[in-house]
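One line per chain: the protein sequences are A and B, in this order. Under numbering that gives the first Met the number 0, the first residue of the first sequence carries the number 0, and numbering increases by one thereafter. Under numbering that gives the first Met the number 0, the first residue of the second sequence carries the number 0, and numbering increases by one thereafter.
Be a bit skeptical, because a hint or two may be false.
[As the list claims (entries may be wrong)] Derived SDA-like pairs: lysine to any residue, alpha-carbon spacing no greater than 20 angstroms straight-line: (1) K15/A - S22/B; (2) K5/A - N346/B; (3) K349/B - A378/B; (4) K365/B - Q38/A.
[Claimed, not checked] Some chain A residues flagged as far from chain B (calculated, every beta-carbon gap over 10 angstroms): (5) K5; (6) G12; (7) T16; (8) N17; (9) K49; (10) N87; (11) R121; (12) P125; (13) D127; (14) D128; (15) V145; (16) H147.
Just so you know, these hints were derived from the structure itself, not from any lab. Each residue gets a CB set at the ideal place from its N, CA and C atoms; glycine is no exception.
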Amino acid sequence: MPGYTKRLGRELGDLKTNPAVGISVFQADDFRIWLIDIQVMDNNPLYAGKTFRLQFRFTPTYPIEAPEVQFIASLGREIPMHPHIYSNGHICLDVLGSGWSPIQTVGSVSMSIQSMLAGNDRNERPPDDARYIASAPISPKQTRFVYHDDNV
Amino acid sequence: MDEISDPSDWTSTRLPTLSLLDSSLRCRICKDFFTSPFMTECAHTFCSLCIRKCIASTPTSETACCPVCRAPVLEIRLRRNQVVEDLVEWFENARAAIMNVAKEDPVVVEVPVVSTTPERASSSERRGRKRRRDIVDNESSNSMTPESGDSETRRPTRAATQNVSYEVKVDIGDESEEEAVTSDHGSKHDIPSSVTAEQDSSFIILADDDGNAEGLVPCPVCNVIMTPQEVQIHLDDCFKEQAAKEARANQPLTSKSNPPVRTLQSQPLNKIIKKPLQRLPKLQYDLFNDTKLRSKLAELGLPTNGTRTQLQQRHTEWVSLWNANVDSNNPKTKKQLLRDLNDWESNLAKYAVQKVSAEDLAAWGKTHSNNFGDLIFQARKNLQKKLHPEQQQGIYTTANSNMQNQQRLEIPGPENVRTIDGIDQQSSSGAEEKMEYVRDVLTDEL
Numbered sequence: 000m001p002g003y004t005k006r007l008g009r010e011l012g013d014l015k016t017n018p019a020v021g022i023s024v025f026q027a028d029d030f031r032i033w034l035i036d037i038q039v040m041d042n043n044p045l046y047a048g049k050t051f052r053l054q055f056r057f058t059p060t061y062p063i064e065a066p067e068v069q070f071i072a073s074l075g076r077e078i079p080m081h082p083h084i085y086s087n088g089h090i091c092l093d094v095l096g097s098g099w100s101p102i103q104t105v106g107s108v109s110m111s112i113q114s115m116l117a118g119n120d121r122n123e124r125p126p127d128d129a130r131y132i133a134s135a136p137i138s139p140k141q142t143r144f145v146y147h148d149d150n151v
Numbered sequence: 000m001d002e003i004s005d006p007s008d009w010t011s012t013r014l015p016t017l018s019l020l021d022s023s024l025r026c027r028i029c030k031d032f033f034t035s036p037f038m039t040e041c042a043h044t045f046c047s048l049c050i051r052k053c054i055a056s057t058p059t060s061e062t063a064c065c066p067v068c069r070a071p072v073l074e075i076r077l078r079r080n081q082v083v084e085d086l087v088e089w090f091e092n093a094r095a096a097i098m099n100v101a102k103e104d105p106v107v108v109e110v111p112v113v114s115t116t117p118e119r120a121s122s123s124e125r126r127g128r129k130r131r132r133d134i135v136d137n138e139s140s141n142s143m144t145p146e147s148g149d150s151e152t153r154r155p156t157r158a159a160t161q162n163v164s165y166e167v168k169v170d171i172g173d174e175s176e177e178e179a180v181t182s183d184h185g186s187k188h189d190i191p192s193s194v195t196a197e198q199d200s201s202f203i204i205l206a207d208d209d210g211n212a213e214g215l216v217p218c219p220v221c222n223v224i225m226t227p228q229e230v231q232i233h234l235d236d237c238f239k240e241q242a243a244k245e246a247r248a249n250q251p252l253t254s255k256s257n258p259p260v261r262t263l264q265s266q267p268l269n270k271i272i273k274k275p276l277q278r279l280p281k282l283q284y285d286l287f288n289d290t291k292l293r294s295k296l297a298e299l300g301l302p303t304n305g306t307r308t309q310l311q312q313r314h315t316e317w318v319s320l321w322n323a324n325v326d327s328n329n330p331k332t333k334k335q336l337l338r339d340l341n342d343w344e345s346n347l348a349k350y351a352v353q354k355v356s357a358e359d360l361a362a363w364g365k366t367h368s369n370n371f372g373d374l375i376f377q378a379r380k381n382l383q384k385k386l387h388p389e390q391q392q393g394i395y396t397t398a399n400s401n402m403q404n405q406q407r408l409e410i411p412g413p414e415n416v417r418t419i420d421g422i423d424q425q426s427s428s429g430a431e432e433k434m435e436y437v438r439d440v441l442t443d444e445l
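Pulled out of the complex, with its shape left as it was, chain A reads as follows:
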């Protein structure tokens, strides 16, 4: 068993036995793609009562390299409105790119995104949304985001 599947197996067990509030595993059939449902627990009117779906994509280089994380839209699951989340689900968040550290886990990343949503009060997309999604690569990891805005 390669190292990364062993680690993912542990993470999955942990996510299922001690789930964090508002974070649940929707689908984790293999060690390639996981779908995690997250809810924003405080009473942020933007996200109250809604559930969003995150897709994690792993490579054998996990956890040395970051997984590919994005929101996906499906039945009853929309892409949350946020100035750092593009309408195709790509997320501009430093821990998913240059700020990644191998001690982070699926749970900790989900929590970062959850708190990123909780701290937001702007019902808007990034200013360059239309331009970005017109030419966005399939994988958000191929985009070189510039993390300049620490306010949200």
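Start from chain A and add chain B according to the hints.
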């Protein structure tokens, strides 16, 4: 495949706090028990291979940082963390046994403390008393038996029995009689009920301060929990089994029959005997052209096929694997390492092939259907132009000289022209009308 152990295994037992110990003995990168733990300058410990891979994954050595605190990390400044390595080994050895005890039904094991002898100390003093007994024990064993190996072998045994209120002492061979004498001497006044096994089975079971003789004990050979009486009966069989196993493994009986007792001093000696392995240096890949890099890989006995990136990745991975293996107490053979490298590479390749899957393409097509629509529209427009070249030829040649006119030419609004062929036709006729107009303007100007 062995079962995946996890710190959360402890939460449902009677010793949930052990999950903290369990998790602190694990590498935070691979979440497994440390393998050849190495410490950074910022005092964080990781497996040798994990931290080396982590450092190798950064573009330059200056950008490498500690995964926990992001302090700069230099690979040459990593230091072996010997204490942690020993702790991990001890804990891993004892884990199953402790787990078994911790999972016992509390009613059976927790016996109320009853002072059985009048001179017994109160429970608050017991700790100090026990320590004193240790000292007496050691002194007596040192003075009575000149072999210092005796006290050495006993210490670990003591450490291995955790919160359980009894001690099981394992000793094989001639020393056992001497052992019995010394321990009797040391702790005679302290221990009211010491259950002694038959001498020929060479086992002595001592009850602890609590006089908890009816507590359960693990078999010192196979770690199965049972009452002391059962252990005595069980041991003969267990030993026969163990002996048979070891005969198969061609190992001397004594080396394995007391597994937790391993003196730390003997360990480096083993290592010195083996020929020392040399760490591999990292390469500045910019300084190597493809041919040089290939010959470098061939020198190391690695495959030399693949693209430049693959060659670099392979070399980087090999250096990490190799150097971590040098750090290991039980290094693998080069053949095994090569197999590891091969596994790693085939895993990467498998991923690369499946990276763009059919569903990806379908999703891509869906999200960009608007773009495709526009492209189709453009193509149709071009086709229309081609179908009526005789009308437009003249205009284009003249219009090219005049930017303003050309821009006006391209104006035919796409908003009129969408999808349905009928409308397409209509709008193209509209475009022709405009072209007529342009021609008029041009001729007027000329």
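A quick look at each hint next to the structure:
1. K15/A - S22/B: Distance ~18 angstroms between K15/A and S22/B Cα, so the pair holds.
2. K5/A - N346/B: holds, 14 angstroms
3. K349/B - A378/B: Given that 20 angstroms is the threshold and the Cα spacing comes to 38 angstroms, the pair is violated.
4. K365/B - Q38/A: violated, 27 angstroms
5. K5: violated, 6 angstroms
6. G12: Check fails; 6 angstroms does not lie beyond 10 angstroms.
7. T16: violated, 6 angstroms
8. N17: It is violated; N17/A is separated from chain B by about 7 angstroms at its closest Cβ, not greater than 10 angstroms.
9. K49: holds, 22 angstroms
10. N87: Its Cβ does come within 10 angstroms of chain B, the nearest being 6 angstroms, so this is violated.
11. R121: Correct as stated: the minimum Cβ-Cβ distance to chain B is 24 angstroms, above 10 angstroms.
12. P125: holds, 17 angstroms
13. D127: The claim holds: D127/A sits with its nearest Cβ about 17 angstroms from chain B, beyond 10 angstroms.
14. D128: With a cut-off of 10 angstroms, D128/A remains clear of chain B, as the shortest Cβ separation is near 13 angstroms.
15. V145: holds, 17 angstroms
16. H147: Holds, because the least Cβ-Cβ distance between H147/A and chain B comes to about 19 angstroms, which exceeds 10 angstroms.
When the structure is compared with the earlier hints, violations turn up for hints 3, 4, 5, 6, 7, 8, 10 and for no others.
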